[in-house]
Amino acid sequence: MSKRDLTDRERLILREVIAQYILNAAPIGSRTLSKRLGGRFSPATIRNVMADLEELGLLYQPHTSAGRIPTEQGYRLFVDSLMELGQPTPRERKLLDREITRISSSDVRGVLEQTAQLLGDIANLLCVVMSPPLREGVLHRIDLIGIGGDKILLVITIQSGFVRSMFLEVNSPVTREEIEWLTTFLNQRLSGLKLSEVRSSVHERLAGKEARKSPVLQTMLDKAQEVFDFSEKDEYLVGGVRSLASQPEFYNVEELRKVLTLLEDKSLFLHLFARETDGIQVKIGRENAVKSLSSLSIVTAPYKFHNLTGVIGIIGPMRMNYPKAVSIVEYASRKIDTTIGD
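So the sequence shown is residues 1 to 342, counted in full-length UniProt numbering.
Among the hints, a few may not be true.
To be verified - Here are the computed lysine to any residue pairs in the SDA-like style, where the Cα-Cα straight-line distance is at most 25 Å:
hint: 1; residue 1: Lys-151; residue 2: Asp-229
hint: 2; residue 1: Lys-94; residue 2: Arg-257
hint: 3; residue 1: Lys-291; residue 2: Lys-223
hint: 4; residue 1: Lys-335; residue 2: Val-163
hint: 5; residue 1: Lys-35; residue 2: Thr-45
hint: 6; residue 1: Lys-213; residue 2: Leu-168
hint: 7; residue 1: Lys-291; residue 2: His-306
hint: 8; residue 1: Lys-194; residue 2: Leu-182
hint: 9; residue 1: Lys-335; residue 2: Gln-73
hint: 10; residue 1: Lys-94; residue 2: Lys-35
hint: 11; residue 1: Lys-291; residue 2: Ser-246
hint: 12; residue 1: Lys-291; residue 2: Lys-94
hint: 13; residue 1: Lys-223; residue 2: Val-163
hint: 14; residue 1: Lys-266; residue 2: Leu-221
hint: 15; residue 1: Lys-194; residue 2: Arg-176
hint: 16; residue 1: Lys-304; residue 2: Pro-323
hint: 17; residue 1: Lys-266; residue 2: Ser-295
hint: 18; residue 1: Lys-223; residue 2: Leu-182
hint: 19; residue 1: Lys-151; residue 2: Gln-218
hint: 20; residue 1: Lys-35; residue 2: Leu-23
hint: 21; residue 1: Lys-151; residue 2: Pro-133
Stated by the list, open to error - Restraint ranges, calculated between C-beta atoms of paired labels, are given here:
hint: 22; residue 1: Leu-263; residue 2: Asn-187; range: 51 to 59 Å
hint: 23; residue 1: Leu-153; residue 2: Gln-225; range: 16 to 24 Å
hint: 24; residue 1: Ser-201; residue 2: Gly-86; range: 44 to 52 Å
hint: 25; residue 1: Ala-289; residue 2: Gly-86; range: 42 to 50 Å
hint: 26; residue 1: Glu-255; residue 2: Ala-66; range: 45 to 53 Å
hint: 27; residue 1: Leu-153; residue 2: Leu-260; range: 34 to 42 Å
hint: 28; residue 1: Leu-263; residue 2: Asn-24; range: 21 to 29 Å
hint: 29; residue 1: Gly-148; residue 2: Asn-252; range: 57 to 65 Å
hint: 30; residue 1: Glu-72; residue 2: Ile-145; range: 51 to 59 Å
These aren't lab readings, by the way, just hints derived from the structure by calculation. Glycine included, C-beta positions come from ideal geometry on N, C-alpha and C.
Based on the sequences and whatever the hints tell you, model everything.
Shown next, in the form of structure tokens:
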């Protein structure tokens with residue numbers, strides 16, 4: 001950060017340089033800035049201030065004859081103390097409210113995917129929504145449904161509302177009485193536990209004479225690690241790829257390809273977003289934990305989905321509209337919390 005506190009004049013000029021660069025993606029000259037500020041300062045005065053800000057590492061001049069643009073340090077100071085947060089427009093709030101409210105009564109994954117697309121379109125950037133880590137979800141109930149002969153449909157519901165179903169095949173026909181007994185038995189032993197607890201202790205909790213006399217229960221125990229493994233359900237949903245491509249930084253197809261290649265690396269995003277669970281976070285350039293994201297900025301906020309935590313993130317060039325990105329990520333996070341919450 002800068003080596004000293006900025007004067008009010010320096011703060012004003014730095015804020016205006018960054019605001020104009022965010023808007024136009026072009027270096028800002030002293031004459032242009034003087035006009036933008038209504039002639040309050042002469043071009044010569046502004047040039048001197050810009051030179052001071054450059055010495056402090058907050059601006060730099062890409063070409064000798066060009067104006068100035070912000071550095072990473074300049075953006076950081078802007079985010080921390082200069083930018084003025086707004087609110088999504090009434091239309092944007094209406095769209096977000098309508099989409100997020102559907103979560104409680106619709107396909108959760110589909111709604112989160114649509115929310116990612118909507119946020120990407122509003123911010124004109126890339127949006128990534130990380131679904132909550134279902135492996136830490138609490139098992140609500142297990143249902144067994146006989147579908148004839150030796151096949152059973154197993155349905156697992158966790159308290160967040162997510163449902164998983166799979167077919168089990170046993171070696172002999174299963175009666176309705178056995179299915180009813182086993183459904184009660186499983187829920188008595190496992191309901192209310194975290195899925196990670198179920199996976200690690202299911203044999204101890206279910207094994208015994210009951211398992212030996214029930215082919216269905218024995219089959220479940222044999223496949224327990226598969227049945228209760230929700231880790232592959234951890235995923236990220238992406239929206240706004242076209243919006244990102246419209247940013248000048250990505251007119252170069254190779255630069256856009258680099259970002260899109262990153263999106264294919266699930267482990268990278270799981271690692272990156274797993275850390276962002278403590279309120280609004282803005283990571284600029286090389287502040288990002290992943291070196292390949294050092295030319296980008298990321299704005300994230302956690303959201304609560306019942307007893308689970310997911311993350312909403314906006315990804316774009318360092319020249320992103322930080323006030324806009326922060327305001328819509330914060331609004332979407334709060335809306336999900338108040339709609340579903342704990």
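Status of each hint after checking the structure:
no., hint, result
1, Lys-151 x Asp-229, "21 Å, holds"
2, Lys-94 x Arg-257, "33 Å, violated"
3, Lys-291 x Lys-223, "39 Å, violated"
4, Lys-335 x Val-163, "23 Å, holds"
5, Lys-35 x Thr-45, "13 Å, holds"
6, Lys-213 x Leu-168, "17 Å, holds"
7, Lys-291 x His-306, "33 Å, violated"
8, Lys-194 x Leu-182, "20 Å, holds"
9, Lys-335 x Gln-73, "32 Å, violated"
10, Lys-94 x Lys-35, "37 Å, violated"
11, Lys-291 x Ser-246, "24 Å, holds"
12, Lys-291 x Lys-94, "37 Å, violated"
13, Lys-223 x Val-163, "18 Å, holds"
14, Lys-266 x Leu-221, "30 Å, violated"
15, Lys-194 x Arg-176, "28 Å, violated"
16, Lys-304 x Pro-323, "23 Å, holds"
17, Lys-266 x Ser-295, "20 Å, holds"
18, Lys-223 x Leu-182, "16 Å, holds"
19, Lys-151 x Gln-218, "14 Å, holds"
20, Lys-35 x Leu-23, "16 Å, holds"
21, Lys-151 x Pro-133, "30 Å, violated"
22, Leu-263 x Asn-187: 51 to 59 Å, "39 Å, violated"
23, Leu-153 x Gln-225: 16 to 24 Å, "20 Å, holds"
24, Ser-201 x Gly-86: 44 to 52 Å, "50 Å, holds"
25, Ala-289 x Gly-86: 42 to 50 Å, "29 Å, violated"
26, Glu-255 x Ala-66: 45 to 53 Å, "21 Å, violated"
27, Leu-153 x Leu-260: 34 to 42 Å, "38 Å, holds"
28, Leu-263 x Asn-24: 21 to 29 Å, "28 Å, holds"
29, Gly-148 x Asn-252: 57 to 65 Å, "59 Å, holds"
30, Glu-72 x Ile-145: 51 to 59 Å, "57 Å, holds"
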